[in-house]
Amino acid sequence: MRSRVRPNISFNEPLIFERSSPGKVAYQLPELDVPAADPLAALGPENTRSEIEDFPEVSEVEAIRHYTRLSTWNYAIEYGMYPLGSCTMKYNPRINELVARLDGLALTHPYRPEALAQGSMEIMARLQASLAEITGMDAVTLQPAAGAQGELTALLMIRALLASRGNPRRKVLIPDSAHGTNPASAAIAGYAVQNIKSNDAGMLDIAALEQSVTEDVAALMVTNPNTLGIFEENIVHAAEVLHARGALLYMDGANMNALMGIARPGDFGVDALHLNLHKTFSTPHGGGGPGAGPVAVKQSLEPFLPIPRLRSVGKKWAWDYERRHSIGRVRAFYGSFGVLVRALAYILAHGGPGLRKVTLDAVLNANYLRKKLEGVYELPYQSPTMHEVVFSDDRQARHGVRTGEIAKRLIDYGFHPYTVSFPLIVRGALMIEPTETETKHELDRYVEAMTQIAEEVENDPEIVKGAPHETRTSRVDEVAAARKPVLRWKPV
Amino acid sequence: MLDVIGAASVEDLFAHLPDAARLHRPLELPPGLSEYEIVRYFQDRASQNSTGFASFLGAGAYMHFRPVLVDTVVSRGEFLTSYTPYQAEISQGTLTTIFEFQTMMCQLTGMDVANASMYDGSTAMAEAAMMAVRITGKGRVLVSRAVHPEYRQVLRTYSVNQGMPVEEFGYAAEMGTLDLEDLDRKLDGLTGAVIVQSPNFFGIVERVREAAELAHERGALLILVFTEAVSLGILRPSVEADIVAGELQSFAIPPSYGGPYAGVIATHEKYIRQMPGRLVGQAVDSNGNRAFCLTLATREQHIRREKATSNICTNQALLALMAGVFMTVYGKHGLRELAEQNLAKSHYLAGKLRPRFCGKFFNEFAIQLEGKSPERVNRRLLRKKIIGGLPLGRFYPELADSVLLCATETSRRADMDTLAEVLA
Amino acid sequence: MYPDNLRYTKEHEWVRLDGDTAVIGITDHAQQELGDIVYVDLPKQGVAVEQGKSLGTVESVKAVSDIYAPLSGEVIEINPLLADAPEKLNEDPHGEAWLVKIRLRAPAEAEKLMSAAEYQTYIGAEK
Chain A
1 MRSRVRPNIS FNEPLIFERS SPGKVAYQLP ELDVPAADPL AALGPENTRS EIEDFPEVSE
61 VEAIRHYTRL STWNYAIEYG MYPLGSCTMK YNPRINELVA RLDGLALTHP YRPEALAQGS
121 MEIMARLQAS LAEITGMDAV TLQPAAGAQG ELTALLMIRA LLASRGNPRR KVLIPDSAHG
181 TNPASAAIAG YAVQNIKSND AGMLDIAALE QSVTEDVAAL MVTNPNTLGI FEENIVHAAE
241 VLHARGALLY MDGANMNALM GIARPGDFGV DALHLNLHKT FSTPHGGGGP GAGPVAVKQS
301 LEPFLPIPRL RSVGKKWAWD YERRHSIGRV RAFYGSFGVL VRALAYILAH GGPGLRKVTL
361 DAVLNANYLR KKLEGVYELP YQSPTMHEVV FSDDRQARHG VRTGEIAKRL IDYGFHPYTV
421 SFPLIVRGAL MIEPTETETK HELDRYVEAM TQIAEEVEND PEIVKGAPHE TRTSRVDEVA
481 AARKPVLRWK PV
Chain B
1 MLDVIGAASV EDLFAHLPDA ARLHRPLELP PGLSEYEIVR YFQDRASQNS TGFASFLGAG
61 AYMHFRPVLV DTVVSRGEFL TSYTPYQAEI SQGTLTTIFE FQTMMCQLTG MDVANASMYD
121 GSTAMAEAAM MAVRITGKGR VLVSRAVHPE YRQVLRTYSV NQGMPVEEFG YAAEMGTLDL
181 EDLDRKLDGL TGAVIVQSPN FFGIVERVRE AAELAHERGA LLILVFTEAV SLGILRPSVE
241 ADIVAGELQS FAIPPSYGGP YAGVIATHEK YIRQMPGRLV GQAVDSNGNR AFCLTLATRE
301 QHIRREKATS NICTNQALLA LMAGVFMTVY GKHGLRELAE QNLAKSHYLA GKLRPRFCGK
361 FFNEFAIQLE GKSPERVNRR LLRKKIIGGL PLGRFYPELA DSVLLCATET SRRADMDTLA
421 EVLA
Chain C
1 MYPDNLRYTK EHEWVRLDGD TAVIGITDHA QQELGDIVYV DLPKQGVAVE QGKSLGTVES
61 VKAVSDIYAP LSGEVIEINP LLADAPEKLN EDPHGEAWLV KIRLRAPAEA EKLMSAAEYQ
121 TYIGAEK
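Chains as they are written, first to last, in the numbering used here: chain A, 1 to 492; chain B, 1 to 424; chain C, 1 to 127.
These are computed hints drawn from the structure, not numbers from a lab.
Quantities reported herein were computed from a predicted structural model and do not represent experimental measurements.
From the three backbone atoms N, C-alpha and C, an ideal C-beta is built for every residue, glycine too.
It is possible that some hints are incorrect.
What follows is a set of in silico ranges between Cβ atoms, one per label pair, in the way DEER data are often shown [what the hints assert, rightly or not]:
1. S47(B) x A318(A): 16 to 24 Å
2. A318(A) x S75(B): 33 to 41 Å
3. G189(B) x K53(C): 39 to 47 Å
4. D200(A) x E33(C): 24 to 32 Å
Below, in silico cross-link-like pairs of lysine to aspartate or glutamate (EDC-like), each with a Cα-Cα straight-line distance of 20 Å or less [claimed, not checked]:
5. K465(A) x D179(B)
6. K171(A) x E240(A)
7. K484(A) x D285(B)
8. K385(B) x D394(A)
Computed footprint of chain B on chain A, listed as stretches where at least three residues anywhere in the stretch have a Cβ under 8 Å from a Cβ of chain B [what the hints assert, rightly or not]:
9. 62-71
10. 134-147
11. 202-216
12. 244-255
13. 309-319
14. 452-458
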């Protein structure tokens with residue numbers, strides 16, 4: 001019983017607009033050292049605005065209290081475990097924040113002359129080389145802003161390569177266990193999506209794949225380990241099937257945390273993959289972003305990488321814009337540099353042996369949770385577990401309690417919920433990824449909470465269904481919010 | 001733990017991986033470094049970048065002062081290390097700040113709704129174009145040449161496989177504003193979107209109203225792009241635009257060699273269902289208290305998959321929070337004063353030089369270096385610890401003798417005087 | 001539960017035939033499976049719909065489902081109630097919350113639809 005959370009001091013706090021009163025300010029600007037310019041003369045009366053209606057008017061202390069109080073309404077990695085499957089919510093080392101904020105890095109304008117940006121370019125080059133080694137690929141672009149944009153970037157490159165061979169083809173194959181961004185990215189790259197069913201082992205069905213790979217198929221997008229936490233044991237064969245018919249193998253690298261130093265996509269037949277630096281490489285999730293989604297490719301795809309490309313000229317780095325076959329740009333400038341700095345700091349901190357240890361510990365932790373919980377929750381797929389494990393709510397559903405409710409009850413025990421109802425191929429999925437940064441002590445507390453909740457489901461299902469009970473905000477009515485959307489504040 | 005699992009070693013947990021897929025050697029990366037060594041490594045890289053220069057670069061990334069409160073707030077672990085707020089009961093901090101952010105973006109742009117952020121201004125623009133094409137059912141996109149060149153490149157990358165032909169229309173050589181006649185000529189019944197930027201790439205306040213009228217006459221939507229968000233503090237909101245797509249780097253997001261930044265899309269209520277990106281809505285909890293949650297998620301990839309309005313998942317939440325804190329700190333009076341200071345500085349500098357265009361400008365303007373090479377002039381400036389303007393020839397061959405200068409509240413009079421002396 | 005005067009599809013739509021027009025809705029079983037409906041997207045008047053093809057969507061908070069046209073024809077009326085009150089689909093799916101009215105192009109198509117009794121057997125077996 002000791003594991004339940006208890007309420008802390010928790011302030012009420014209005015919206016910033018409701019806190020405002022006329023004339024209050026929280027800013028200071030220096031005195032102008034040049035003559036003022038009359039806005040009406042400089043811009044024209046037709047172009048100038050009157051005051052910004054209802055914009056905040058608060059003092060500095062009100063501003064800091066506002067945000068500090070709001071912050072306490074969040075759960076976070078620095079409070080406790082975040083067992084979100086496929087999200088790899090590991091601890092975000094604070095040193096990453098410090099180095100990304102160094103003036104010489106944070107205050108660098110992207111159009112600075114290259115001679116004055118060599119340090120930034122060196123960081124990017126080093127990260128590219130590190131990621132190439134970790135993935136076993138030949139070339140890396142750091143430009144994509146997030147995983148989904150990495151997917152799009154890679155698909156556009158695949159399309160360009162196939163087009164250069166005479167036919168871009170029409171379809172992309174995607175397993176039914178895939179993340180929703182895969183089909184959405186394929187659509188933007190101009191491909192139709194064909195789903196591939198998984199087999200009873202929770203893996204890619206090779207027979208189905210062989211049948212599906214026609215002259216019309218551009219690529220297979222596979223997540224490995226997949227979203228069931230299972231390594232695709234037929235991956236080498238799948239690559240051969242695709243390559244024999246002129247198609248490519250794309251890997252969603254969301255689950256790279258399970259492979260570092262153990263297996264490299266480049267060695268098992270992958271032609272292109274993206275990485276999520278905000279997962280495997282510990283950059284903070286920030287309540288939804290930013291992330292970064294570098295793409296690593298084999299030599300055949302290298303000519304199609306986005307511009308600009310880093311190029312070494314003597315002992316200097318330069319940006320190369322003259323690349324005839326490039327797919328172009330996927331975003332302005334060069335990439336989410338601040339995120340890249342953090343990821344490189346993480347790689348430097350661990351080094352080669354340390355990254356391998358990360359993977360070993362992540363897989364160890366997931367297998368420990370599987371063993372401790374498989375007597376309590378239904379395990380639909382028996383294949384070996386890598387970095388995450390997926391249960392179903394079959395046993396609890398018999399008592400009328402579903403995965404979403406068990407997840408909410410976890411909050412009362414001081415944990416963030418696991419990933420709910422995903423992957424779609426498991427009815428009532430509980431998708432759990434502990435990551436390597438959780439200790440045995442924390443895992444045991446989590447097991448205890450999950451076990452107690454399972455007992456509650458049998459003895460007192462109502463307490464689970466009404467959860468969470470210990471939070472400042474109780475169950476939110478998402479239905480009413482969607483039926484009558486209110487998406488901004490307005491004065492009454 | 002191994003006993004519980006029933007494995008002899010951790011290595012055993014990987015025994016099922018096919019041998020052909022395994023790496024049979026250590027990763028060729030050096031051993032791990034200590035905290036001290038890591039800090040040293042990045043300090044060395046930072047000094048390799050060289051510091052202590054005054055910069056007059058703008059062109060989509062701006063050197064503004066970042067109020068101290070911004071990093072104080074975003075460094076809190078509760079904001080920094082939390083996940084996307086799907087679990088509303090334990091994410092009210094993030095959800096509330098996003099709702100405030102959406103509101104402030106509406107107040108600034110004059111639109112009804114704004115999303116929770118996009119990757120950056122360039123992708124926000126590309127997504128806005130795709131949105132306009134969905135709404136109008138017409139695939140052709142017309143974009144002004146006075147829109148940021150890199151944004152236009154991104155638009156092409158996104159649109160090329162979607163049956164969205166992209167064409168450009170020119171700018172007026174004297175004014176530096178969009179060429180209304182060229183737009184009129186090219187705007188046909190197949191065009192779904194017209195894209196303009198204001199202030200445009202040359203810093204000039206654009207003819208948004210006229211462009212919108214033309215677009216609407218022919219059944220196209222008008223997309224307004226902004227890269228310099230501080231201008232919103234003084235410029236009239238262009239409510240005649242159908243979609244606003246912008247970049248918020250100016251709102252306390254460090255220039256950081258080009259990213260991460262934060263884009264945003266705002267629009268009218270009737271287009272909500274075609275919007276990309278996350279949205280936070282107001283709700284009540286089971287005790288009847290006001291609360292917030294992610295809403296209208298059926299537009300998004302995790303539900304609608306290949307039919308989603310966008311593939312975006314991870315966004316720029318923490319940077320939108322930076323922008324939110326920035327807008328709170330400056331507030332109603334401060335944002336106006338900040339914009340006025342930018343206006344004063346750029347007009348002081350321009351007064352000492354001869355701007356290339358005669359259109360009205362905010363904090364950027366182009367100048368022509370008669371007979372001098374921009375690169376050579378910039379090298380001279382570097383010796384005086386000044387980073388000069390962006391040579392425009394790289395993007396506009398016809399402006400090879402011109403540079404784009406930007407002055408903000410951080411530009412000092414003495415540096416501007418030195419700059420003007422060298423350029424004049 | 002399932003009125004005898006309606007005909008049913010395997011995709012859980014119902015049809016009420018009235019001469020050369022038909023009213024279309026989704027079944028009680030469908031609304032239960034969908035959960036709380038928050039939005040209904042219907043075609044515009046005058047649009048041609050084809051049997052078996054999607055004519056619109058219904059949305060819950062976390063799912064979007066296609067509505068398949070049970071019969072081919074032209075949309076002549078849409079239910080104005082649903083734009084502001086999608087919850088009616090949960091409350092009265094066979095009555096007040098009909099979706100669209102169409103003018104039939106091939107009335108013979110209706111012969112293959114299920115009766116109430118057949119539909120009830122069908123959803124019983126589906127479980």
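So, going through the hints one by one against the coordinates:
| no. | hint | verdict |
| --- | --- | --- |
| 1 | S47(B) x A318(A): 16 to 24 Å | holds (20 Å) |
| 2 | A318(A) x S75(B): 33 to 41 Å | holds (35 Å) |
| 3 | G189(B) x K53(C): 39 to 47 Å | violated (28 Å) |
| 4 | D200(A) x E33(C): 24 to 32 Å | holds (26 Å) |
| 5 | K465(A) x D179(B) | violated (62 Å) |
| 6 | K171(A) x E240(A) | holds (18 Å) |
| 7 | K484(A) x D285(B) | holds (15 Å) |
| 8 | K385(B) x D394(A) | violated (69 Å) |
| 9 | 62-71 | holds (count 7) |
| 10 | 134-147 | holds (count 5) |
| 11 | 202-216 | violated (count 0) |
| 12 | 244-255 | violated (count 0) |
| 13 | 309-319 | violated (count 0) |
| 14 | 452-458 | violated (count 0) |
Hint check: violations occur at hints 3, 5, 8, 11, 12, 13, 14; the rest are consistent with the structure.
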